[in-house]
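S.K.: Here's the letter readout for the chains.
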Amino acid sequence: DQQVKQNSPSLSVQEGRISILNCDYTNSMFDYFLWYKKYPAEGPTFLISISSIKDKNEDGRFTVFLNKSAKHLSLHIVPSQPGDSAVYFCAAGSSGSARQLTFGSGTQLTVLP
Amino acid sequence: DTGVSQNPRHKITKRGQNVTFRCDPISEHNRLYWYRQTLGQGPEFLTYFQNEAQLEKSRLLSDRFSAERPKGSFSTLEIQRTEQGDSAMYLCASSFRDGSGGAGYGYTFGSGTRLTVV
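Residue numbers (the numbering used here), protein chains in the order written: chain A, 1 to 113; chain B, 114 to 231.
Keep in mind that the hints were calculated from the coordinates and are not lab data. Where is the CB? At the ideal position from N, CA and C, for every residue including glycine. Any given hint could be a false lead.
Said to hold, decoys possible - Beyond 12 Å from chain A on every Cβ pair, some chain B residues (computed):
| hint | residue |
| --- | --- |
| 1 | 123 |
| 2 | 126 |
| 3 | 132 |
| 4 | 169 |
| 5 | 181 |
| 6 | 197 |
| 7 | 200 |
Unchecked claim - Some, not all, of what chain B presents toward chain A, calculated at C-beta under 8 Å:
| hint | residue |
| --- | --- |
| 8 | 134 |
| 9 | 152 |
| 10 | 154 |
| 11 | 155 |
| 12 | 156 |
| 13 | 158 |
| 14 | 178 |
| 15 | 201 |
| 16 | 223 |
| 17 | 224 |
| 18 | 225 |
Please take these sequences and the hints and turn them into a complete structure.
M.R.: Structure (structure tokens):
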């Protein structure tokens, strides 16, 4: 039972264009969401988060959008750069669950120069 | 403080052997987590500690697995009688109790220990 789903295993984007990574969840108890980036042979690195009381959070080139009614969130990267090429994980948590996170299976983003 | 440190980085073991991994968290963090990641999947929660107390365990953590954090600092994860299905990346993460400390509600992960059972 996958509570957090990333249905696109891979995405290729041209440098300078927008990258949009999508994530769906099923558990209504999730009240915060995060995106992590992972390079090979390294652990995931925190990128950006959003609380369920918001529908948008922006940090530089990265923006996360949350649609609670659709149980959907997306990560926008504008403009995309070759250094953004990595696996991106969506994760969700519940404030009542000791910060245990449930991760999606990841999307491999490749930014082509 | 250079972040979360995990040792060894790689471990190859024969089926049936016992293995132990170590995690040194960020010193100010009082929460420590173990996750497991298999190929093509995201990390899956195994267990977490607040200081030295192990407060939550996943059903993924069979009785062959044991984790300790004896003094509330470093932690060890032991797998007894390893099986080929235990082959995975084992990730450790740490955080402040209230989720603050520069990463929002998130964690700081180590680089992981890759276990291969042959």
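S.K.: Decide, hint by hint, whether the structure agrees.
M.R.: Hints, verified against the model:
1. 123: violated, 10 Å
2. 126: holds, 20 Å
3. 132: holds, 19 Å
4. 169: violated, 6 Å
5. 181: holds, 18 Å
6. 197: At roughly 21 Å from the nearest Cβ of chain A, residue 197 of chain B sits farther out than 12 Å, so the non-interface label holds.
7. 200: holds, 16 Å
8. 134: Since chain A brings no Cβ nearer than about 13 Å to residue 134 of chain B, farther than 8 Å, the hint is violated.
9. 152: violated, 10 Å
10. 154: At about 5 Å, which falls below the 8 Å cut-off, the nearest Cβ of chain A leaves the hint on residue 154 of chain B intact, so it holds.
11. 155: For residue 155 of chain B, the interface hint holds, since the closest Cβ of chain A sits about 3 Å away, which is under 8 Å.
12. 156: Constraint on residue 156 of chain B satisfied, holds at 5 Å.
13. 158: holds, 5 Å
14. 178: Not OK, violated: residue 178 of chain B not within 8 Å of chain A, min 16 Å.
15. 201: violated, 14 Å
16. 223: Since the shortest Cβ distance to chain A is 5 Å, the answer is holds.
17. 224: It holds, given that the least Cβ distance between residue 224 of chain B and chain A is near 5 Å, below 8 Å.
18. 225: holds, 5 Å
In this structure, the earlier hints numbered 1, 4, 8, 9, 14 and 15 are contradicted, and the remaining ones agree with it.
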